[in-house]
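Student: Single-letter residue listing:
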Amino acid sequence: MKPGSLWTPPEAGGAGIALGGTDFTLVIAVHPQCSCTRASLEQIERSLAGVSDRVSTRILLCHPEGSPSDAIRTDLLNAAMRISHVRIQADPGGKQAEQLGCRTSGSVVLYDRDGRPRFWGGVTASRGHSGDCPGSEMLRAIVSGTRSDGHSTPVFGCGLQTPQLSAIPEGAGGSIRR
Amino acid sequence: MNPAVHARRVQIFDHDLNRIRCGADRLIAGLMILQWLAGIVVAAVVSPLTWRGVESALHIHLPAAVLLGGLLALAPVTLAFLASG
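Protein chains in written order, with our numbering: chain A, 886 to 1063; chain B, 221 to 305.
Treat the hints with caution; some may be incorrect.
Per label pair, the in silico range of CB-to-CB distance [stated by the list, open to error]: (1) A:L904 / B:L278: 36 to 44 Å; (2) A:D908 / B:L299: 55 to 63 Å; (3) A:A903 / B:I248: 36 to 44 Å.
Non-contacting residues of chain A with respect to chain B, defined by C-beta distances greater than 10 Å in every case (computed) [what the hints assert, rightly or not]: (4) D997; (5) D999; (6) E1022; (7) S1033.
Here's a subset of chain A near chain B, in silico, CB distances under 10 Å, partners left out [stated by the list, open to error]: (8) Q918; (9) E950; (10) R967; (11) S969; (12) S990; (13) P1048.
Bear in mind the hints are in silico, worked out from the structure with no lab data behind them.
Everything numeric in this text was worked out from a predicted model, so none of it was measured.
Glycine included, each C-beta is placed from N, C-alpha and C at the ideal position.
Work the whole structure out from these sequences, hints included.
Tutor: Put into structure tokens, the structure is as follows:
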């Protein structure tokens, strides 16, 4: 359960992330079957309450290699659609998530208007645990302007990649806990 | 008061008190078992599996609900039946 080495996401342009035209763009990598990620989505919805006009949210529904195409149609979609200004897109093979360095469901990367990552990591205190935690507080603080930058926080959730298909060795993906 | 009546009154009081306490203990033991089973059902329904890509495995919540929940319920349930009242 110890966190891996430091994970630094690339700038938005380098990872092919289209910025939303708002002050911030929040990217969330989601495994459609990860029940713990519902708490992350709820936490994001809560953290952005009142400041959601400043954020465009992109949800990458990682569709693992070898899984049926309808595997992304889970009830997590309903939780995702409750977030304001959200755009949900399938990420076949989790390739875009991997470009961002996201290896665990519930990983978020917050980009500013210039495409620089300002915060990345997880927004829950443990698996499936809703409630305030350093990650969600940092996310809200940066978006609301009371803080300029945040540090990486641990991510709790299911793995986005099947082990034998993953190109990145275990523990190299950042502050990740499973 | 007649000592025999007093003794009988105390005897009836103690008997009723013990009966109520035993009933409360059995009720709590039943609730502990129900809580344990409910924890297992919730773990099995809400998050039975953990995923890594397309691979899934039993989520640790489930064995934890069975073993840890059982362990927590064991002491009060045992005491409720072996030393009720």
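Student: All hints are to be evaluated individually against the structure, with a verdict given for each.
Tutor: Hint-by-hint comparison with the structure:
1. A:L904 / B:L278: 36 to 44 Å: holds (40 Å)
2. A:D908 / B:L299: 55 to 63 Å: holds (60 Å)
3. A:A903 / B:I248: 36 to 44 Å: violated (58 Å)
4. D997: holds (31 Å)
5. D999: holds (33 Å)
6. E1022: holds (25 Å)
7. S1033: About 35 Å separates A:S1033 from the closest Cβ of chain B, which puts it past 10 Å; holds.
8. Q918: holds (5 Å)
9. E950: With a closest approach of 7 Å, the A:E950 hint holds.
10. R967: violated (18 Å)
11. S969: violated (26 Å)
12. S990: holds (8 Å)
13. P1048: Holds: closest Cβ of chain B sits about 6 Å from A:P1048, inside 10 Å.
The structure fails to meet hints 3, 10 and 11 from the earlier list, while all remaining hints are met.
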